[in-house]
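Number of protein chains: 2
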Amino acid sequence: MVTRQMRQWISSGSAIRAMFEEGKQLARRYGADNVYDFSLGNPSLPAPEAVREAFCDVLRTCDPLELHGYMSNSGYDDVRAAIARRLSERDGVAYRACDVVMTVGAAGGMNVLLKSILEPSDEVVVFAPYFGEYRRYVENYGGILVECAPNPPAFLPDPKELAAKISPRTKAVIVNTPNNPTGVVYPRACIAAICDVLQSFRARGQEICLISDEPYRELVYDGAQATPIAPLYPNTVVCYSYSKSLSLPGERIGYLALHPEIADGDALRDACNVATRVLGFVNAPSLQQKMLLRCLDLPIDVSAYDDNRRALCEILDACGLEYVKPQGAFYLFVRSPLADDRAFCETAKRENLLLVPGSGFGCAGWVRVAYCVSMRTIRRSADAFARLARRCAEISGAR
Amino acid sequence: MVTRQMRQWISSGSAIRAMFEEGKQLARRYGADNVYDFSLGNPSLPAPEAVREAFCDVLRTCDPLELHGYMSNSGYDDVRAAIARRLSERDGVAYRACDVVMTVGAAGGMNVLLKSILEPSDEVVVFAPYFGEYRRYVENYGGILVECAPNPPAFLPDPKELAAKISPRTKAVIVNTPNNPTGVVYPRACIAAICDVLQSFRARGQEICLISDEPYRELVYDGAQATPIAPLYPNTVVCYSYSKSLSLPGERIGYLALHPEIADGDALRDACNVATRVLGFVNAPSLQQKMLLRCLDLPIDVSAYDDNRRALCEILDACGLEYVKPQGAFYLFVRSPLADDRAFCETAKRENLLLVPGSGFGCAGWVRVAYCVSMRTIRRSADAFARLARRCAEISGAR
Chain A
319 MVTRQMRQWI
329 SSGSAIRAMF
339 EEGKQLARRY
349 GADNVYDFSL
359 GNPSLPAPEA
369 VREAFCDVLR
379 TCDPLELHGY
389 MSNSGYDDVR
399 AAIARRLSER
409 DGVAYRACDV
419 VMTVGAAGGM
429 NVLLKSILEP
439 SDEVVVFAPY
449 FGEYRRYVEN
459 YGGILVECAP
469 NPPAFLPDPK
479 ELAAKISPRT
489 KAVIVNTPNN
499 PTGVVYPRAC
509 IAAICDVLQS
519 FRARGQEICL
529 ISDEPYRELV
539 YDGAQATPIA
549 PLYPNTVVCY
559 SYSKSLSLPG
569 ERIGYLALHP
579 EIADGDALRD
589 ACNVATRVLG
599 FVNAPSLQQK
609 MLLRCLDLPI
619 DVSAYDDNRR
629 ALCEILDACG
639 LEYVKPQGAF
649 YLFVRSPLAD
659 DRAFCETAKR
669 ENLLLVPGSG
679 FGCAGWVRVA
689 YCVSMRTIRR
699 SADAFARLAR
709 RCAEISGAR
Chain D
319 MVTRQMRQWI
329 SSGSAIRAMF
339 EEGKQLARRY
349 GADNVYDFSL
359 GNPSLPAPEA
369 VREAFCDVLR
379 TCDPLELHGY
389 MSNSGYDDVR
399 AAIARRLSER
409 DGVAYRACDV
419 VMTVGAAGGM
429 NVLLKSILEP
439 SDEVVVFAPY
449 FGEYRRYVEN
459 YGGILVECAP
469 NPPAFLPDPK
479 ELAAKISPRT
489 KAVIVNTPNN
499 PTGVVYPRAC
509 IAAICDVLQS
519 FRARGQEICL
529 ISDEPYRELV
539 YDGAQATPIA
549 PLYPNTVVCY
559 SYSKSLSLPG
569 ERIGYLALHP
579 EIADGDALRD
589 ACNVATRVLG
599 FVNAPSLQQK
609 MLLRCLDLPI
619 DVSAYDDNRR
629 ALCEILDACG
639 LEYVKPQGAF
649 YLFVRSPLAD
659 DRAFCETAKR
669 ENLLLVPGSG
679 FGCAGWVRVA
689 YCVSMRTIRR
699 SADAFARLAR
709 RCAEISGAR
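Taken in order, these protein sequences are the chains called A and D. Going by this note's numbering, 573 is the number at position 255 of the first sequence; the sequence numbering is gapless. Going by this note's numbering, 610 is the number at position 292 of the second sequence; the sequence numbering is gapless.
Bound conformation, chain A alone (with noise of 0.2 Å):
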């Protein structure tokens, strides 16, 4: 009954998934206090109370027929226009309501940009490490990914790589910063440089699309800032989510949001719209939708993601650790003291440790550290963290 791929998926697996589900595990069998999950990357901030205040507000006062009721499949109008107005303000760029298409999470509006692009063996560049469903995402299409090398210890995307690993199949490059997995902000002369090898192959005649996955765009530390992309390059879609922004992964809101001088715009737009509509996402929840007009000002307080992440670097460096610091999202990568990073989460889960394999990301010999905890989780775990160092160092010894 069951399709051979989804077979070798289901044995497979998303490690980080199977990390969240034997963490649960792990949890009733030593007690939650005693587990450090360090897995999933699930904000371990409540959302903002006007949020709350926010859905309450749109449900006392909306009709109910309009709230709850079919829309455009690319979304409410206010909504798109709101959104729209939002983004051009902060990129320079004079985005419409039309160029906005409202999506179910970054997840959803990845696919549904993906379905409207990618004919079969179509290729999709990425850098490596990257968030592990972009594969999924482009083989659902018939696509190819197509890797850049990761470039340790800062790694940034290699702009010569980039051209070099461009073929005429090429029909998009995605770009995630701050990145998952490293907490990497690319520097605003990378994603220049980046934009400009693309900028070379327009010139010649072939359009590729650059993807900028961001959902971790307000989560920046120690005054980074996350270049806004598409002023620099008119093929970009950006690819947004407030499950992290605004702690709402479960919910299931974001949106695509199209550069207006895109090539082919007028394609692109309809094709998102019917792509929503023919994957089965029909429209972004409408509830979610009406939310948002009301929360899209709402400051964001980085400030308890900071705290973890610097009491988890103070941990890692009391152990002799090896890991690039973040200055974005809620990850942290740490080079792996043994040559497997598989291995080095299993011996990892023994101490009640659970970190991703960098294998994961493409980028094999590191390991993910999601710091979206509570601080006590954090501080709990530095035992754990210190019995695992000394481990892999016997370990490393006895070989």
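No wet-lab data here; the hints were simulated from the structure. Quick caveat: nothing in here was measured; it's all calculated off a predicted structure. One should not assume that every hint holds.
Identical chains blur together in the list; that is why a pair holds if it fits in one copy or across any two.
[As the list claims (entries may be wrong)] EDC-like mimics (lysine to aspartate or glutamate), calculated; alpha carbons at most 20 Å apart, straight line:
1) K643 <-> D624
2) K478 <-> D396
3) K342 <-> D396
4) K478 <-> D409
Got chain A; can you put chain D on it based on the hints?
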């Protein structure tokens, strides 16, 4: 930038959605009161007040971290368990929580299921007329839609034709009762005959999934009842949405219920979980899931739709237009008095009457009237229908 297939879909479009957009334009030009928009299955009854209260109660009482956070891709355990209990009572089949997968409406559910089971070139059999989007859903996964011909005027499936249309590549059959677009409710004997056919193939080793798409199952009139299918065939998957019964089409909430004894059940349950994630749904919206916990026992009052149905039938009778008297859903199927149903809909549009051609449902020569509108719209449409009938008589007479 945009795929060939998508370009074709943009130009062919969804007849229903095109009408919906056109209706909004006509309403702006002539005033909403003077446009009779029978195009979209958008419930005209507001969601019950209890739904609003449930949403507010959830927002007031649930921990926001749990309420808005990630859960298992298949949904919250408590919600799945509650639905399983309720469905078990209704169907007499012992569903467990793990048999229920929460989905982004029935459209999302169907995509999750088809992604799980269809290898390229696998076939899915449908009975015309059928919801036109099925074709897209099947083709999303490289499948081939195989139509059984419509049988006017009763529009019931012919089990003999079903048997003849099943090939070694047949993976699934879709049944939709109460039916969109005809409003016909398949009698129990008809369903039993379909199941008998599938059982005979099962006895020969071919496990065919029977997808029961039943978003309209509570919308029945004249004492008709939607027959539960699962007790008759173990490879049944119920595909449900709360869009129609609770008037929440924009909220995108529904479920798949896999028969506990379905072939390859363990793998199929896992596959649906994985498919929910890799297709970019990730999970059904969490707030909508939790709301359901408080609304599963709400009585569904269809009396307003029943009143509409009667009033519309009277109007059509008075005009001499032939139709199938519907016993379910909120659609009525009218025989086009012109040979070309698209030409008939164009003619209707000149009277500001928006109908949808049956061609889009695999049934040329008929048109769909969605009577989920206000009684006022139905009453006011009487003259327009009368003028339409006269105009068609003139056109036919002039030939």
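* To do: Measure nothing new, just compare the shortest in-copy and cross-copy C-alpha distances for K478 and D396 to 20 Å and report within, between, both or neither.
  => Neither. Shortest intra-copy (42 Å) and inter-copy (51 Å) distances fail the 20 Å Cα cut-off.
* To do: First find the shortest C-alpha distance between K478 and D409 inside one copy, then the shortest across copies, and answer within, between, both or neither for a cut-off of 20 Å.
  => neither (26 Å within a copy, 62 Å between copies)
* Checking K643 and D624: alpha-carbon separation at most 20 Å within a copy, between copies, both or neither? -> So K643 and D624 pass the 20 Å test inside one copy only (12 Å; across, 65 Å).
* Asked: For K342 vs D396, is the C-alpha pair at or below 20 Å within one copy, between two copies, both, or neither?
  -> between (40 Å within a copy, 15 Å between copies)
Violated hints, listed in ascending order, are 2 and 4; each of the other numbered hints is respected by the structure.
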